[in-house]
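S.K.: Generate the whole structure from the sequences, applying the supplied hints.
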Amino acid sequence: MMRKKRVLLLSEGFGAGHTQAAQGLSMGLRQLSSNVKTRVLELGAFQHPTIAPWIFSAYRKTVTNNPNLIGMLYQSYNSKSLSRLSSLALHRIFYASSANIIKQLEPDLIISTHPFPTVIVSRLKRAGLSTPLCTVITDYDAHGSWVDSAVNSYLVSTAEVKNKLIQRGVTSEVIQVTGIPVHPKFWRLSNREETRNSLGLHNMPTVLIMGGGWGLIDNEEIMAYIARWRNQIQLIFCTGNNEKVMQRLANDPRFQHPNIHLVGFTKDIDKLMDISDLLITKPGGMTCTEAMAKGIPMLFYNPIPGQEEENCQYFSEHGFGETIQSSRTIEAWFRRLLGDEYSSIQQKRYNNQLNIEYNPQYCSESIIKLLQL
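Under this note's numbering, think of the first position of the sequence shown as 1106, with each following residue one higher.
Derived from the structure by calculation, the hints contain no laboratory data. It cannot be assumed that every hint is accurate.
To be verified - Here are the simulated SDA-like cross-link-like pairs (lysine to any residue), alpha carbons at most 25 Å apart as the crow flies:
| # | residue 1 | residue 2 |
| --- | --- | --- |
| 1 | K1372 | K1267 |
| 2 | K1267 | L1476 |
| 3 | K1109 | L1354 |
| 4 | K1267 | T1236 |
| 5 | K1230 | A1204 |
| 6 | K1267 | K1474 |
| 7 | K1110 | R1231 |
| 8 | K1230 | G1249 |
| 9 | K1208 | R1135 |
| 10 | K1110 | L1146 |
| 11 | K1290 | T1434 |
| 12 | K1453 | N1296 |
| 13 | K1290 | T1371 |
| 14 | K1230 | L1210 |
| 15 | K1372 | S1254 |
| 16 | K1349 | L1367 |
| 17 | K1474 | S1139 |
| 18 | K1269 | S1139 |
| 19 | K1372 | K1269 |
| 20 | K1110 | Q1466 |
| 21 | K1376 | E1427 |
| 22 | K1269 | K1290 |
| 23 | K1376 | L1294 |
| 24 | K1230 | R1111 |
| 25 | K1376 | E1298 |
| 26 | K1453 | L1404 |
What the hints assert, rightly or not - FRET-style restraints, in silico, Cβ to Cβ:
| # | residue 1 | residue 2 | range |
| --- | --- | --- | --- |
| 27 | G1444 | D1373 | 24 to 30 Å |
| 28 | N1302 | K1474 | 23 to 29 Å |
| 29 | N1268 | S1421 | 18 to 24 Å |
| 30 | A1355 | N1268 | 45 to 51 Å |
| 31 | L1210 | N1464 | 27 to 33 Å |
| 32 | E1470 | A1204 | 29 to 35 Å |
Since we're looking at a predicted model, the values are computed, not measured. The C-beta atom is built at its ideal place from N, Cα and C for all residues, glycine as well.
M.R.: What follows is the structure, encoded as structure tokens:
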């Protein structure tokens, strides 16, 4: 019996998007071919389960409390590869055993959905590792940290990102424009009525608010304003793993209402997007790509300088959403949901799905070709 092709997908836990991309790609590969075996690892969390959560938590607090610092770091390293930083103690702590992991798993292909694994595997390749490395860029910008001469192929979100890589010295032949991989469940729309009933939700204009762990739901002014619409609009607040925020909202009388639903970590984001008419979110590359696949219009809250600004610009320019300038932006959309424009918003949603520039399967299909299956 022929040995299945082994694909090792490496990510990191700085925000859920990078790992979601890896998991979506893993599922897509296995659906397309029964001859592929996949393994998804967050390198840092796998090797150092006690240290990693502390570092990721510190990063999240910095993003929430001092986003300008993240923006400064983003810009300062934008012109550089991360390879020159790879001798830092942080990298030695996290990735000292990466070579052993790869040796044990014997992958035919390594896929990285985060710059850190790209750096580590690239170093190992320069030291003699022969396994091909494919980097999947999970944003709508080509930051310098993604770029390394040892990478064998790049899969990118848009033609603009491909051009930026070429400007950074990457040859065109190793870059494919595939879109960002999303889980196959985002490729299709479910029956809205059945989904509403299964989730215990009402048939009325519905808004999904995401970003519990990254500052959006911590904004008292915006949250209070949104809650004011609870008699007319069904509001779903998704707080993710942020139990502190979930508890605070649950104890707040303004959020104790039949039309307000508080959701913690859930694997049903695809269903919540299906039955919602508008998404209010931080402009993370993965969440926005999932929403784009579902066709749901988006309002972007306070993008972090750097990749979130680039993401925001891309989705706004292509008509998939707009940035919240003030509560008036929210008011205008809420009034549209409650008025005569509701049906035209629904039509635009289906048009959005038709206008997506890539097929959500492209990424998986490209990997299958790299494996020569």
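S.K.: All hints are to be evaluated individually against the structure, with a verdict given for each.
M.R.: Against the structure, the hints come out as follows:
no. : hint                      : result
1   : K1372 / K1267             : 32 Å, violated
2   : K1267 / L1476             : 22 Å, holds
3   : K1109 / L1354             : 48 Å, violated
4   : K1267 / T1236             : 23 Å, holds
5   : K1230 / A1204             : 10 Å, holds
6   : K1267 / K1474             : 19 Å, holds
7   : K1110 / R1231             : 23 Å, holds
8   : K1230 / G1249             : 19 Å, holds
9   : K1208 / R1135             : 22 Å, holds
10  : K1110 / L1146             : 17 Å, holds
11  : K1290 / T1434             : 30 Å, violated
12  : K1453 / N1296             : 18 Å, holds
13  : K1290 / T1371             : 14 Å, holds
14  : K1230 / L1210             : 16 Å, holds
15  : K1372 / S1254             : 37 Å, violated
16  : K1349 / L1367             : 13 Å, holds
17  : K1474 / S1139             : 14 Å, holds
18  : K1269 / S1139             : 35 Å, violated
19  : K1372 / K1269             : 34 Å, violated
20  : K1110 / Q1466             : 19 Å, holds
21  : K1376 / E1427             : 22 Å, holds
22  : K1269 / K1290             : 30 Å, violated
23  : K1376 / L1294             : 8 Å, holds
24  : K1230 / R1111             : 18 Å, holds
25  : K1376 / E1298             : 11 Å, holds
26  : K1453 / L1404             : 15 Å, holds
27  : G1444 / D1373: 24 to 30 Å : 29 Å, holds
28  : N1302 / K1474: 23 to 29 Å : 41 Å, violated
29  : N1268 / S1421: 18 to 24 Å : 19 Å, holds
30  : A1355 / N1268: 45 to 51 Å : 47 Å, holds
31  : L1210 / N1464: 27 to 33 Å : 30 Å, holds
32  : E1470 / A1204: 29 to 35 Å : 30 Å, holds
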